[in-house]
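Undergrad: Sequence:
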Amino acid sequence: MNKEKIFELFSLEGKVAIITGGNGMLGREYAGILEKAGATVICFDVAGNNPVDITDQASVHDAVEGVIYRYEHIDILINNAATTDFSMESEKLYHPFEEFPFSLWEKELHVSLDGAFISTQTVVPHMKKAMSGTIVNISSTHGIVAPDNRIYDEGKYKSLAYPTVKSGILGFTRGLASQLAPYGIRVNALSPGGVEAAYMDKTFVTKYSKQTMLGRMARKDEYNGAILFLCSDASSYITGATLIADGGLTAW
0 MNKEKIFELF SLEGKVAIIT GGNGMLGREY AGILEKAGAT VICFDVAGNN
50 PVDITDQASV HDAVEGVIYR YEHIDILINN AATTDFSMES EKLYHPFEEF
100 PFSLWEKELH VSLDGAFIST QTVVPHMKKA MSGTIVNISS THGIVAPDNR
150 IYDEGKYKSL AYPTVKSGIL GFTRGLASQL APYGIRVNAL SPGGVEAAYM
200 DKTFVTKYSK QTMLGRMARK DEYNGAILFL CSDASSYITG ATLIADGGLT
250 AW
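If you read the sequence shown in numbering that gives the first Met the number 0, its first letter stands for residue 0, the second for the next number, and so on.
These aren't lab readings, by the way, just hints derived from the structure by calculation.
These numbers were taken from a predicted model, which means no experiment stands behind them.
By construction, the Cβ of each residue, glycine as well, lies at the ideal position given by its N, Cα and C atoms.
Be a bit skeptical, because a hint or two may be false.
As the list claims (entries may be wrong) - Just the calculated beta-carbon pair ranges, DEER-fashion:
#1 Phe6 <-> Gly170: 28 to 38 Å
#2 Leu8 <-> Pro50: 29 to 39 Å
#3 Pro124 <-> Tyr156: 25 to 35 Å
To be verified - Here are the simulated DSBU-like cross-link-like pairs (lysine-lysine), alpha carbons at most 30 Å apart as the crow flies:
#4 Lys206 <-> Lys155
#5 Lys206 <-> Lys128
#6 Lys219 <-> Lys35
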């Protein structure tokens, strides 16, 4: 295979991609790499000049119809949106299970699972019409293994809603892949590990890093290659799969 053929494998020239939660830290990274590969990227997010609420069917329908009206097709959907609640109530996310507010449980499932369902259900008819498409659902290492609560401050626990959602995303991926394969639509999941950020407590970063084989958390741009692979023809014979990119955390 010559160099040109290799570049063609990863090219997204002429493709139209929707990314939910596209204005978040990783969403912006995903958008950037897809654009560099030639895709036209539309971000669905509650933040921004043209907000889209993925938990509202009418909002998603109108946004998708707008994309179709302008570009006539949708080739890629990345279900990336999740809750990012840094309000006073967010402290309750770390409460033990018996004190965990049901309202936060509902919110996390509503955005991550219902949002993925609504977005996918709205986009899929257009992919079926084209008999092609690629869907990538963002899960997490915590969709595969339980959070290790020993790395949190004493008395704090990772939200139980989070691994529930991320495990659900993996089941959603496999089931959807089975249904959509006859229409040439591939569905896969990416399960990334933790990304180091400036706001994080250094003790937490150190504890988390020791759990990985590579001895560190990820940089925010280190999932770009995995996303491009799953969205491009480089992964043309892969569907119903989960790509784990976690520095070896789940491989011990």
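Undergrad: Phe6 and Gly170, beta-carbon distance inside 28 to 38 Å?
TA: At 35 Å between Cβs, range holds.
Undergrad: Given the hint that Lys206 pairs with Lys128, test it: the Cα-Cα distance must not exceed 30 Å.
TA: Since the Cα atoms of Lys206 and Lys128 sit roughly 49 Å apart, the hinted pair is violated (cutoff 30 Å).
Undergrad: Between the alpha carbons of Lys206 and Lys155, is the straight-line distance 30 Å or under?
TA: This hinted pair holds, its Cα atoms lying about 15 Å apart.
Undergrad: Is the distance from the Cβ of Leu8 to the Cβ of Pro50 consistent with 29 to 39 Å?
TA: holds, 35 Å
Undergrad: Below or equal to 30 Å on CA atoms is what counts here, so check Lys219 against Lys35.
TA: holds, 17 Å
Undergrad: Could you say whether the range 25 to 35 Å given as a hint is met by the Cβ separation of Pro124 and Tyr156?
TA: Hint violated: Cβ distance 41 Å, outside 25 to 35 Å.
Of the numbered hints stated above, those contradicted by the structure are hints 3 and 5, listed in ascending order.
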